[in-house]
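Keeping their order, the protein sequence lines are chains L and E. Here the first sequence is numbered in our numbering, starting from 1 and rising by one per residue. Here the second sequence is numbered in our numbering, starting from 1 and rising by one per residue.
These are calculated hints, taken from the structure and not from any lab test. Note that beta-carbon positions come from the ideal geometry of N, C-alpha and C, so glycine has one too.
The following label-pair restraints were derived from C-beta to C-beta distances:
id : chain 1 : residue 1 : chain 2 : residue 2 : range
1  : E       : E148      : L       : E11       : 19 to 29 Å
2  : L       : A25       : E       : E117      : 29 to 39 Å
3  : L       : D15       : E       : E148      : 22 to 32 Å
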Amino acid sequence: MYPNFKILPKETKADLKAKIAESIALEKKRTRRKKLYVFSSSAAAVFCLFFGLVTIFKQKSQSVEINAIEEFAKNTANEGSFEKSNKVQLVLSNQEAVTVGDSTTIAYDASGNKINVNNKQIQQEISKKSQYNTVLVPYGKRAQLSLADGTQVWLNSGSKLIYPTSFDAETREVFLEGEGIFDVSHNVTKPFFVRAANNYSVRVLGTLFNVSCYAKDAKVSTALLRGKVKVAYAKKGFFKTDSIQTILKPGMIASLDKKRETIKTIAQDVEPLFSWRKGYYEFSEERLPSVLEKLTRYYNVDFVLNKKISPNETYSGAFKLNDDLDKVVETLEATTGFEFVYNEAAREITIN
Amino acid sequence: MENTTEDILLWQQIKKGDINAFEKLYDIYADVLLTFALQYTNEESFAKDAIHDVFLDIYKYRTGLAESVNVKSYLFKITQRNVLKKHKASQKIFSLSTDYDSVILKELSFEEILIEEENTLERNSKLAFAMEELTEKQRTALFYRFNEDKPYEEIASILDISVESSRTLIYRCLKELRKKL
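The task is simple: from the sequences and hints, build the whole structure.
In structure tokens:
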């Protein structure tokens with residue numbers, strides 16, 4: 001076998017050199033692209049990781065945030081709707097519903113096991129763990145409660161209050177739907193929270209205030225008569241810190257716009273807002289639709305407007321809530337000058 | 001094959017990413033490597049591709065290159081490996097082609113293959129250096145005589161010398177080469 005003595009042309013070396021140079025240039029481009037790819041993919045990975053962590057963290061924090069009473073409220077949301085009955089109902093911890101009469105007062109003793117309903121004693125099963133009771137107030141009715149810690153609660157028409165029979169936890173928490181006035185007994189070590197749907201809460205130490213949070217209303221409002229409360233609303237935002245808070249001073253109303261997620265505070269005469277507690281509905285410079293809306297709740301009656309009402313017309317005055325509806329209609333007719341037709345069977349009032 | 005001081009210097013500069021040193025290395029060794037690669041294949045393109053890959057790999061992995069290597073043997077070794085690889089790959093595709101019979105390694109054990117490769121590397125690299133020192137005329141004569149199997153008369157006419165001269169030319173060349181191997 002002989003060696004290969006082949007002679008390559010002179011240009012071969014130069015050609016090959018040019019080819020190598022070309023390949024190197026290509027390689028450079030490729031590594032740059034690779035670097036970019038590596039960078040972008042690692043950036044994407046980091047982003048995904050971060051996003052995932054945040055999501056997990058958010059879920060965790062949310063699950064922590066949803067506390068027992070809100071959970072209970074969610075689970076029992078469909079049970080015992082107050083619209084079905086026209087009597088005030090008290091749902092005990094064993095899900096037993098007790099119907100109680102009109103202008104009710106429900107009082108708990110300190111242990112939370114003995115309940116005095118209209119001077120009649122009800123013994124509730126004794127259990128070590130505090131359990132939730134629910135009061136359902138239908139439209140046209142009102143109820144007064146005295147909770148285990150001595151806090152007084154007035155519930156307006158179409159309201160629901162969930163509360164523990166005894167306040168064993170670190171905080172006193174109740175869940176409200178509708179409207180209620182709270183005269184909270186002072187206890188610095190156990191702050192009192194009124195929670196409402198839409199992550200709205202009112203934190204108090206010892207005060208007298210009114211919370212109105214009807215599901216149908218566009219606004220959730222809190223009016224303070226005495227003491228100091230903190231109103232907080234947890235936005236359905238990305239971070240837990242997305243909450244808006246306001247501290248209220250007596251004579252102020254905080255109203256949360258559910259849609260815009262903003263809290264506005266206004267100072268005004270709040271006394272009328274507490275009037276229903278004493279059995280009358282007081283209003284000043286209110287437009288007729290808003291007065292009728294309140295009356296709808298108080299008397300469990302629908303108003304049908306067939307008349308154009310000037311938006312500038314406002315009304316001031318008071319209705320005694322124990323009055324007959326006929327009397328109320330009479331008064332309305334006299335003041336507005338409209339004709340009110342009351343259909344008792346349909347509980348409907350047509351305004352002509 | 002010993003490292004020259006220039007080899008060491010170039011190698012270090014290449015490791016640092018000096019493109020000029022890289023070019024210089026090519027200029028120095030391209031010819032001898034081509035001659036070397038041709039000992040394994042008759043296919044010019046295989047030889048060229050093998051060397052192309054050698055230098056591209058050096059560029060690609062320059063930062064990871066070993067600090068102290070015998071530059072020449074490194075180049076020859078990688079060239080040999082590449083050219084054999086290409087040869088094998090081509091055999092898979094053109095199994096009917098018998099052009100490369102002369103360079104196909106017979107079926108040997110792995111160890112034998114390694115030894116064989118080692119030996120041919122040693123021989124062929126020396127040969128390549130020796131051949132590089134021949135004049136073009138000498139190499140042409142040798143090529144026609146041994147690779148093309150041309151008679152002395154024809155060689156004499158190609159090189160435009162007498163038949164006698166061509167005989168002596170080839171004879172002397174072989175003597176020279178043998179001395180160097």
